[in-house]
Amino acid sequence: GQNIDQPTEMTATEGAIVQINCTYQTSGFNGLFWYQQHAGEAPTFLSYNVLDGLEEKGRFSSFLSRSKGYSYLLLKELQMKDSASYLCAVRDNAGNMLTFGGGTRLMVKP
Amino acid sequence: GAVVSQHPSWVICKSGTSVKIECRSLDFQATTMFWYRQFPKQSLMLMATSNEGSKATYEQGVEKDKFLINHASLTLSTLTVTSAHPEDSSFYICSARGGRYEKLFFGSGTQLSVL
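Read top to bottom, the protein sequences are chains U and P.
FYI, this note's numbering numbers position 15 of the first sequence as 15, with every residue one higher than the one before it.
With positions in the second sequence counted from 1, the corresponding number in this note's numbering is that position plus 1000.
Worth double-checking, as some hints may not be accurate.
[Unchecked claim] The list that follows gives simulated cross-link-like pairs (lysine to any residue, SDA-like), each with its CA atoms no further than 20 Å apart:
(1) P:Lys-1041 <-> U:Met-80
(2) P:Lys-1066 <-> U:Asp-5
(3) P:Lys-1020 <-> U:Thr-8
(4) P:Lys-1041 <-> U:Met-107
(5) P:Lys-1064 <-> U:Gln-2
(6) P:Lys-1041 <-> U:Gly-28
(7) P:Lys-1055 <-> U:Met-97
(8) U:Lys-81 <-> P:Lys-1064
(9) P:Lys-1020 <-> U:Asn-21
(10) P:Lys-1041 <-> U:Pro-7
(11) P:Lys-1041 <-> U:Phe-45
(12) P:Lys-1066 <-> U:Gly-58
(13) P:Lys-1066 <-> U:Met-107
(14) P:Lys-1041 <-> U:Thr-11
(15) P:Lys-1041 <-> U:Gly-58
(16) P:Lys-1041 <-> U:Glu-41
(17) U:Lys-81 <-> P:Lys-1055
(18) P:Lys-1041 <-> U:Asp-5
(19) P:Lys-1041 <-> U:Lys-57
(20) P:Lys-1041 <-> U:Thr-8
(21) U:Lys-57 <-> P:Glu-1102
(22) P:Lys-1055 <-> U:Ala-84
(23) P:Lys-1041 <-> U:Thr-99
(24) P:Lys-1064 <-> U:Met-97
(25) P:Lys-1041 <-> U:Ala-12
(26) P:Lys-1041 <-> U:Asn-21
(27) P:Lys-1020 <-> U:Val-18
(28) P:Lys-1066 <-> U:Glu-41
It is worth saying that the hints were derived from the structure and are not from the lab.
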């Protein structure tokens, strides 16, 4: 099975940097995804990591350590529109299933 | 990029009626689609995996007779909530795998309110 943990809520200031952590214990691993979800909307894809290291994409970066079962999503130069839930999801070995963490609700304040 | 269309976006119905939600992959073929349910301020919970041309695979605790899934073609899966009750009120989202990394593309979701 899969067990994925991430903080429930975080608050940060506009213009700042925030790191959202995700830890997982899984019976298999074939990639980790981060999604952003605004209230009442469907999730949108942010990043994908399957090898260890940092993937950078504009203001967003994602890091993975497979040996530690750990990932983080780093958001720089925070904007008010970044207020959303951020979902960490792990894909199993067969590549068929995505298991989502509980999501982290990020609130960006002026 | 790949697009998944979900319809309707929202629906209000009376208790005891049935509601059908459609999920279409617009520019790619999806042999597998997934149906999720989401309660307010909670994460996505997988309900079932929809396989084209075969029976859906339901997650534990999901009533297959209540949530009917049909995946008749490579671009269309439907979820029918039968005899809906107020506790079925929720946000339902479909998704399909495709594109780079075989990531999930999500439909826009359907907000179901059962009165």
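Going through the hints against the structure:
no.	hint	result
1	P:Lys-1041 <-> U:Met-80	19 Å, holds
2	P:Lys-1066 <-> U:Asp-5	31 Å, violated
3	P:Lys-1020 <-> U:Thr-8	33 Å, violated
4	P:Lys-1041 <-> U:Met-107	13 Å, holds
5	P:Lys-1064 <-> U:Gln-2	23 Å, violated
6	P:Lys-1041 <-> U:Gly-28	28 Å, violated
7	P:Lys-1055 <-> U:Met-97	17 Å, holds
8	U:Lys-81 <-> P:Lys-1064	39 Å, violated
9	P:Lys-1020 <-> U:Asn-21	37 Å, violated
10	P:Lys-1041 <-> U:Pro-7	13 Å, holds
11	P:Lys-1041 <-> U:Phe-45	19 Å, holds
12	P:Lys-1066 <-> U:Gly-58	44 Å, violated
13	P:Lys-1066 <-> U:Met-107	37 Å, violated
14	P:Lys-1041 <-> U:Thr-11	16 Å, holds
15	P:Lys-1041 <-> U:Gly-58	27 Å, violated
16	P:Lys-1041 <-> U:Glu-41	12 Å, holds
17	U:Lys-81 <-> P:Lys-1055	41 Å, violated
18	P:Lys-1041 <-> U:Asp-5	16 Å, holds
19	P:Lys-1041 <-> U:Lys-57	27 Å, violated
20	P:Lys-1041 <-> U:Thr-8	10 Å, holds
21	U:Lys-57 <-> P:Glu-1102	18 Å, holds
22	P:Lys-1055 <-> U:Ala-84	35 Å, violated
23	P:Lys-1041 <-> U:Thr-99	17 Å, holds
24	P:Lys-1064 <-> U:Met-97	19 Å, holds
25	P:Lys-1041 <-> U:Ala-12	19 Å, holds
26	P:Lys-1041 <-> U:Asn-21	18 Å, holds
27	P:Lys-1020 <-> U:Val-18	40 Å, violated
28	P:Lys-1066 <-> U:Glu-41	25 Å, violated
Of the numbered hints stated above, those contradicted by the structure are hints 2, 3, 5, 6, 8, 9, 12, 13, 15, 17, 19, 22, 27 and 28, listed in ascending order.
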